[in-house]
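Novice: Now for the letters of each chain:
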Amino acid sequence: MMYPGTGVSVVTELDDIDALVAQYWPRVLRYVSYSINDADLAQSITQDCFLKAFRGRASFRGDCAVSTWLISIANNLIRDQVRLKKFQFWRKAQATALDVAEMASVLPSGESSPESRLMVNERTEQVKAALDDLSVNQRRVFLLRFFEGMDLEEIAQTTGMPVNTVKTHLHRGISTIRAKFGGKA
Amino acid sequence: MKSFDTTYLKGHLTDEQFAECLDGSPLRSDLQAHLGQCEPCRLEMELFQTSVADLSAASLQWSRAQPLPSLRPLVAAQAKRSLVISLQWAVAAMLLVGLGVPAYVPTEGQNHANRLVRAQPAAADSEGESASDTALLQSVNVALAGADPSPLQEYRLEAPGLKNTLQASATTVRAQ
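Sequence lines, in order, name chains A and B. Count along the first sequence from 1, then add 5; that gives the number in the working numbering. Count along the second sequence from 1, then add 297; that gives the number in the working numbering.
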């Protein structure tokens, strides 16, 4: 069965849990990791997300991309974590927070000279540090916009927030990060 | 949408205008014109976008470098667990139906026994008992009749000939 906009046989794709993991795990893990800033908890949430998606695969109507559907499920799990206040504990612990230094080793290799790479590393660290200062909602909306390339409507659909709320969170997030870069306003 | 001339944009883009350029909605013509004219704002915008894109690419590479788990065993274990739970419920339901319902619905023999139990009180009300009860009540009436003064006597309302008249009336009623 072909679903519009996806171009793949979604039923077959969803029926094989390992194939689903192979294709979408990195994107979902990245989104969850950066949303909650905890690598271990992100692994656990991402795993729950795929198990939940697999159990509820019959309810997938195909009106959005599989990745969007998975990220919606991940969003619900992140929201539950925040509601349960577990997130506070995890955030305080920061024992397994994402390591920018570790990430630097996998930075895009478009910059050839060591100086250029150093500058890219510094900028990336700046953005990462600025992301950490955002609220969970601001960070989620920012990631969906700039990492997943969603527009306001799609973000609203994925997060379950009204479009105006999404817009407010996004604008505040952009302003905060702009300020970190020494914005001109 | 309301359009402004770029002359109204004093200095550089405000935070709100900067965010508006990046939020994915169609870019307003006045903001577009400002970005075309103002090099610092354009460079700032490019730097912002490049930096975020670099982080996005780096984070995806980091995420791809993480080991992929195999969830198939977990799914199989969950399926097995849910099957066991379903079976447990099925057994519980069967036990309820098999043991509970017969206990509730009486058998033919139990019906007969129930009828006997219900019949016993009726048998107890035999003629002999009824007669003894009646005799007892009558003796109580007799005992009370002498001891209990009539209301007329009690309140001294009894006229001299009234007692005889009442006794005569009672005799007449009894005879009838």
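A couple of the hints might just be wrong.
Far from chain A by the CB rule (all over 12 Å, computed), these chain B residues [stated by the list, open to error]:
no.: 1; residue: Glu317
no.: 2; residue: Ala355
no.: 3; residue: Leu357
no.: 4; residue: Ser360
no.: 5; residue: Leu365
no.: 6; residue: Gln375
no.: 7; residue: Trp386
no.: 8; residue: Val388
no.: 9; residue: Val398
Estimated spans, in silico, between C-beta atoms of each pair [to be verified]:
no.: 10; chain 1: A; residue 1: Asn169; chain 2: B; residue 2: Ala330; range: 41 to 49 Å
no.: 11; chain 1: A; residue 1: Arg84; chain 2: B; residue 2: Val398; range: 16 to 24 Å
no.: 12; chain 1: A; residue 1: Ser140; chain 2: B; residue 2: Gln375; range: 45 to 53 Å
no.: 13; chain 1: B; residue 1: Leu384; chain 2: A; residue 2: Val168; range: 46 to 54 Å
no.: 14; chain 1: A; residue 1: Lys57; chain 2: B; residue 2: Glu313; range: 22 to 30 Å
no.: 15; chain 1: B; residue 1: Leu344; chain 2: A; residue 2: Arg66; range: 37 to 45 Å
According to the in silico footprint, chain A covers these stretches of chain B (three or more CB under 8 Å from chain A) [said to hold, decoys possible]:
no.: 16; stretch: 325 to 331
no.: 17; stretch: 336 to 349
These aren't lab readings, by the way, just hints derived from the structure by calculation. Positions of the beta carbon are idealized from the N, C-alpha and C atoms, including for glycine.
Novice: All the hints need checking, so say for each whether the structure fits it.
Specialist: Outcome of the hint check:
no.	hint	in the structure
1	Glu317	violated (7 Å)
2	Ala355	violated (5 Å)
3	Leu357	violated (6 Å)
4	Ser360	violated (4 Å)
5	Leu365	violated (5 Å)
6	Gln375	violated (7 Å)
7	Trp386	holds (18 Å)
8	Val388	holds (24 Å)
9	Val398	holds (35 Å)
10	A:Asn169 with B:Ala330: 41 to 49 Å	violated (26 Å)
11	A:Arg84 with B:Val398: 16 to 24 Å	violated (46 Å)
12	A:Ser140 with B:Gln375: 45 to 53 Å	violated (34 Å)
13	B:Leu384 with A:Val168: 46 to 54 Å	holds (48 Å)
14	A:Lys57 with B:Glu313: 22 to 30 Å	violated (38 Å)
15	B:Leu344 with A:Arg66: 37 to 45 Å	holds (41 Å)
16	325 to 331	violated (count 0)
17	336 to 349	holds (count 8)
Hint compliance for this structure: hints 1, 2, 3, 4, 5, 6, 10, 11, 12, 14 and 16 are broken, all remaining hints hold.
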